[in-house]
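Number of protein chains: 2
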Amino acid sequence: FLWCASCNCAPDPRKREALIRLEASRRTGGNITLNEREKLLDSKLQKLKQHDIEAGPFPPSMHFFKAKRFIDQSPVFSLIQKMPKGAALHVHDFAMVDVDWLVKNVTYRENCYVCFTDEQTVQFLFSSGQPASRPRCSSWTLLRSLREKIKNSTELDNSFIRNLTLFTEDPDRDYPSQNSVWKRFEQAFLVAYGLVTYAPVFKDYLYEGLRQFYEDNIMFVEIRALLPATYELDGRLHDKDWSMRACQEVVRRFTAHYPDFLGARVIFTVHRGINATEAVKAVEEAMALQRNFPNIMAGFDFVGQEDHGRPLWYFKDALSLPEDRGVNLPYFFHAGETDSQGTDVDQNLMDALLFNTTRIGHGFALARHPVVKEMSRKMGVPIEICPISNQVLKLVSDLRDHPATVLMAEGHPLVISSDDPALFRATGLSHDFYEAFMGFGGMSFNLGTLKELVMNSLRYSSLPSQRKKEAIEVLLVKWDKFVVESLL
Amino acid sequence: FLWCASCNCAPDPRKREALIRLEASRRTGGNITLNEREKLLDSKLQKLKQHDIEAGPFPPSMHFFKAKRFIDQSPVFSLIQKMPKGAALHVHDFAMVDVDWLVKNVTYRENCYVCFTDEQTVQFLFSSGQPASRPRCSSWTLLRSLREKIKNSTELDNSFIRNLTLFTEDPDRDYPSQNSVWKRFEQAFLVAYGLVTYAPVFKDYLYEGLRQFYEDNIMFVEIRALLPATYELDGRLHDKDWSMRACQEVVRRFTAHYPDFLGARVIFTVHRGINATEAVKAVEEAMALQRNFPNIMAGFDFVGQEDHGRPLWYFKDALSLPEDRGVNLPYFFHAGETDSQGTDVDQNLMDALLFNTTRIGHGFALARHPVVKEMSRKMGVPIEICPISNQVLKLVSDLRDHPATVLMAEGHPLVISSDDPALFRATGLSHDFYEAFMGFGGMSFNLGTLKELVMNSLRYSSLPSQRKKEAIEVLLVKWDKFVVESLL
Ligand SMILES: [Zn+2]
Ligand SMILES: [Zn+2]
Numbered sequence: 001f002l003w004c005a006s007c008n009c010a011p012d013p014r015k016r017e018a019l020i021r022l023e024a025s026r027r028t029g030g031n032i033t034l035n036e037r038e039k040l041l042d043s044k045l046q047k048l049k050q051h052d053i054e055a056g057p058f059p060p061s062m063h064f065f066k067a068k069r070f071i072d073q074s075p076v077f078s079l080i081q082k083m084p085k086g087a088a089l090h091v092h093d094f095a096m097v098d099v100d101w102l103v104k105n106v107t108y109r110e111n112c113y114v115c116f117t118d119e120q121t122v123q124f125l126f127s128s129g130q131p132a133s134r135p136r137c138s139s140w141t142l143l144r145s146l147r148e149k150i151k152n153s154t155e156l157d158n159s160f161i162r163n164l165t166l167f168t169e170d171p172d173r174d175y176p177s178q179n180s181v182w183k184r185f186e187q188a189f190l191v192a193y194g195l196v197t198y199a200p201v202f203k204d205y206l207y208e209g210l211r212q213f214y215e216d217n218i219m220f221v222e223i224r225a226l227l228p229a230t231y232e233l234d235g236r237l238h239d240k241d242w243s244m245r246a247c248q249e250v251v252r253r254f255t256a257h258y259p260d261f262l263g264a265r266v267i268f269t270v271h272r273g274i275n276a277t278e279a280v281k282a283v284e285e286a287m288a289l290q291r292n293f294p295n296i297m298a299g300f301d302f303v304g305q306e307d308h309g310r311p312l313w314y315f316k317d318a319l320s321l322p323e324d325r326g327v328n329l330p331y332f333f334h335a336g337e338t339d340s341q342g343t344d345v346d347q348n349l350m351d352a353l354l355f356n357t358t359r360i361g362h363g364f365a366l367a368r369h370p371v372v373k374e375m376s377r378k379m380g381v382p383i384e385i386c387p388i389s390n391q392v393l394k395l396v397s398d399l400r401d402h403p404a405t406v407l408m409a410e411g412h413p414l415v416i417s418s419d420d421p422a423l424f425r426a427t428g429l430s431h432d433f434y435e436a437f438m439g440f441g442g443m444s445f446n447l448g449t450l451k452e453l454v455m456n457s458l459r460y461s462s463l464p465s466q467r468k469k470e471a472i473e474v475l476l477v478k479w480d481k482f483v484v485e486s487l488l
Numbered sequence: 001f002l003w004c005a006s007c008n009c010a011p012d013p014r015k016r017e018a019l020i021r022l023e024a025s026r027r028t029g030g031n032i033t034l035n036e037r038e039k040l041l042d043s044k045l046q047k048l049k050q051h052d053i054e055a056g057p058f059p060p061s062m063h064f065f066k067a068k069r070f071i072d073q074s075p076v077f078s079l080i081q082k083m084p085k086g087a088a089l090h091v092h093d094f095a096m097v098d099v100d101w102l103v104k105n106v107t108y109r110e111n112c113y114v115c116f117t118d119e120q121t122v123q124f125l126f127s128s129g130q131p132a133s134r135p136r137c138s139s140w141t142l143l144r145s146l147r148e149k150i151k152n153s154t155e156l157d158n159s160f161i162r163n164l165t166l167f168t169e170d171p172d173r174d175y176p177s178q179n180s181v182w183k184r185f186e187q188a189f190l191v192a193y194g195l196v197t198y199a200p201v202f203k204d205y206l207y208e209g210l211r212q213f214y215e216d217n218i219m220f221v222e223i224r225a226l227l228p229a230t231y232e233l234d235g236r237l238h239d240k241d242w243s244m245r246a247c248q249e250v251v252r253r254f255t256a257h258y259p260d261f262l263g264a265r266v267i268f269t270v271h272r273g274i275n276a277t278e279a280v281k282a283v284e285e286a287m288a289l290q291r292n293f294p295n296i297m298a299g300f301d302f303v304g305q306e307d308h309g310r311p312l313w314y315f316k317d318a319l320s321l322p323e324d325r326g327v328n329l330p331y332f333f334h335a336g337e338t339d340s341q342g343t344d345v346d347q348n349l350m351d352a353l354l355f356n357t358t359r360i361g362h363g364f365a366l367a368r369h370p371v372v373k374e375m376s377r378k379m380g381v382p383i384e385i386c387p388i389s390n391q392v393l394k395l396v397s398d399l400r401d402h403p404a405t406v407l408m409a410e411g412h413p414l415v416i417s418s419d420d421p422a423l424f425r426a427t428g429l430s431h432d433f434y435e436a437f438m439g440f441g442g443m444s445f446n447l448g449t450l451k452e453l454v455m456n457s458l459r460y461s462s463l464p465s466q467r468k469k470e471a472i473e474v475l476l477v478k479w480d481k482f483v484v485e486s487l488l
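Keeping their order, the protein sequence lines are chains A and B. The first sequence maps to residues 1 to 488 in this note's numbering. The second sequence maps to residues 1 to 488 in this note's numbering.
Treat the hints with caution; some may be incorrect.
[Said to hold, decoys possible] Just so you have them, the derived chain B footprint on chain A, three or more residues with Cβ under 8 Å:
1. 160–172
2. 364–375
3. 443–452
[Stated by the list, open to error] Restricting the straight-line Cα-Cα distance to at most 16 Å, the calculated cross-link-like pairs of lysine to aspartate or glutamate (EDC-like) are:
4. A:LYS316 x B:GLU284
5. A:LYS203 x A:GLU249
6. B:LYS66 x A:GLU249
7. A:LYS316 x B:GLU323
8. B:LYS316 x A:ASP12
9. B:LYS316 x A:GLU17
10. A:LYS66 x B:GLU17
11. B:LYS316 x B:GLU284
12. B:LYS481 x B:ASP42
13. A:LYS44 x A:GLU485
It is worth saying that the hints were derived from the structure and are not from the lab. For glycine and all other residues, C-beta sits at the position ideal for the given N, C-alpha and C.
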């Protein structure tokens, strides 16, 4: 050891320096050696950071909805935007595209109907004729007629945008509890549902999602997808196989147009409110998808508010099925997205590992489970940290208190992701990278931290090993270009 | 290891149970074996906890000023009040006594003058004649005359109470930043100053402080004391030796009256804004006090907002003096009471240990310093966790995000204390124990956790080893009595 517990001598400055270096080496990126150009960029970055810290309100200490305008003006943020960020490994199917696109593009298409619910929200439906009314909803109105009638649609469109996101001026007032913000979250999802499950929009949405992520300098995406039935104008429905083929086709089309984009894969998800029988059916569906779409299908997961859902252990029979049948179905469980300590749900982290999960979504509670933390480290199972999502969904207020500060100080395997950027009005990954870089490490992080996070996103992706190797090579070329250009 | 990283088998429920037990054993109190009566009380306690968690707003998730009325009604809290809590190891001299006593008792004494500052605060002074006016203050008014003039003093007294605490209905609005709440903190301290440094009040304050802590079932107190000059009616001043003798005398008088109270010791503190020369003088004063009052003097510490003060390493020459002179002066440094990551101040935790500190005040930043955390554990240096203080001073909002959740999950050596209960309108230790017990562990903590925390408070006190042993024996007798009585 570098220190002696019982020494009665004044501290030796060299030993002190050695301890500081030892601690720095443990951090995420602490073992990355920066080359000369990277060192130059790092000094520039440290100065920019210092400025953000001293300039006034420190964005990671504020709610993202209030911090966004400060972040958007930050030179650290604009550097992070330009940085190649590798892969986004934790994003949900219908929360990828800036809702402006849904409103300005999708709702202006032909045959789009709207109705107003008695909960002050809206629903949309594409149909070739007048659709049948739904309970607790006004009758359906053709949006084109409505817009013609009211002349100026700006206020209407803005109300749609408000319906589709959680964004608000005063989040602490509007969302007093975790339950209230989760309720709005699920409402916003239902508003988008009628738009994004219309078969042509389903494909366009994915294409536009990939485009927006690509614009944020992301080269690969793993999408947690519910794969709901999509519909045509005449009400005809398509099944999951159709959706998977659609994904495959869109990704192929997209990568043909943007050859330096590596593609996307799908993690099939079901709601954790289902019962054991439904879970068996879902796992069987997942195995079928895995067999039929091995290239694009990555694995299986549960979604929904963890505290209100069933614990993973409840699903143990369903989750043992693939093993029993000798089928390889990778798991990517959301786990530990909770404040409930010592409850059944609080065991989800351990159970995710016992079921050999490939990654852990969130893992917010991991730092308070020392044994599970060691397991995940020894097993090399990374956690997917989504800072803005955790803040908006009220697990943490000041991001400097996020448990990832502890995990990154220890160099725990992890990646940064954005969960539902469209609902928070965040970009693909850049806002979350800013929050993580500034909030979790302050002045202690450097360019090596960012480089390791970016490398991790490919290292821990579900890409097969050869493709992974190639992806990392491509990333490193992009990285060097980024470093050189940022020094100009 | 209990798990196998590459096993392809479904999880074995017995291994899972073993992992859960292993994690439980790591926790604070996880190795304490409860006897039959304790087990009975623990089941009762678990039911009471469950009720607090399900009943409505969960107090540790709210600001203490809003949570207090819920806590005061909680049966878990009333059990904790009755529990013998051992020692309070981190409290400050002039923040121990409920301010009602200062207003209702002290300001009603003869010769008490008040003036009103241009910052809307008040100052007090005892004097035999009209005192000279102070800058930025109204002229001094004799309080007795003022009260006779206004007839009903209730509103005046309430305004004094507001001046003497940080309590407010809407803390988030009134204290938007760490700096703003620290400013009010220092203002409140100045309001009390003229009252508590009046020599007769100085003694009475300490006596009343001990009485209130004793009433909260605390048997020993270590007081961080600035030992400022005290004054008499004619303006005559007393030095630190006088204050130490006063403490000695008061403690003797108190323990004579309450023989099961073990006493109090003093940690001499100076403000961390002083320069290197002043620090040398302060450490020399501390050494003199240590020599002259070995029974009551425990050691030395710095106080004040850590982010705005000088880092410990700046004081390295002064802090090496005792060692150089072969004198033993124990240190009890406040360190890591900060959100500033990677700054000079952020090294205070490491430097406190390098200077062989006996305990660490707060250590809020410890969990994000893995090397320093290991040092403190190997050296057996406990941290003094003050949950309500950290929340009021805006280091953390929801106490479930407090880093002590991590440290207690790992069984890190620590004690629970209250810092400045009078300023927060908290009791001696009970409110902080409630917040720690409910907020840091939820359903995962049990009666063993509380027992270990209580034992720790004596184990890590500055009492000489023989007195410590006796104290723990007395505590265990009180504990058994508490368990039996709580089962009735
Ligand atoms: Zn998610
Ligand atoms: Zn303190």
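Evaluation of the provided hints:
Note: the segment 160–172 of chain A has 1 residues with beta-carbon separation from chain B under 8 Å; the three-residue rule is not met and the coverage is violated. Counting residues of the segment 364–375 of chain A whose beta carbon lies closer than 8 Å to any beta carbon of chain B gives 7, which meets the minimum of three for the stated coverage. For the segment 443–452 of chain A, the stated coverage by chain B holds: 3 residues have a C-beta nearer than 8 Å to a C-beta of that chain, and at least 3 were required. The suggested pairing of LYS316 of chain A with GLU284 of chain B is violated, with an alpha-carbon distance near 66 Å, which exceeds 16 Å.
As the CA atoms of LYS203 of chain A and GLU249 of chain A are separated by approximately 9 Å, the hinted pair is consistent with the 16 Å bound. Proximity of LYS66 of chain B to GLU249 of chain A is assessed by CA-CA distance (about 55 Å); at most 16 Å being required, the pair is judged violated. Distance hint between LYS316 of chain A and GLU323 of chain B is unfulfilled; the C-alpha atoms sit about 61 Å from each other, more than 16 Å. As the CA atoms of LYS316 of chain B and ASP12 of chain A are separated by approximately 11 Å, the hinted pair is consistent with the 16 Å bound.
Note on LYS316 of chain B and GLU17 of chain A: the hinted pairing holds, with a Cα-Cα distance of about 15 Å set against a maximum of 16 Å. About 44 Å separates the Cα atoms of LYS66 of chain A and GLU17 of chain B, which puts this hinted pair outside 16 Å; it is violated. Restraint check for LYS316 of chain B and GLU284 of chain B: the C-alpha separation of about 14 Å stays at or below 16 Å, so the hint holds. The suggested pairing of LYS481 of chain B with ASP42 of chain B holds, with an alpha-carbon distance near 15 Å, which does not exceed 16 Å.
A C-alpha spacing of about 13 Å is found between LYS44 of chain A and GLU485 of chain A, which places the hinted pair at or below 16 Å, so the restraint holds.
The structure is inconsistent with the numbered hints 1, 4, 6, 7, 10, although it conforms to all the rest.
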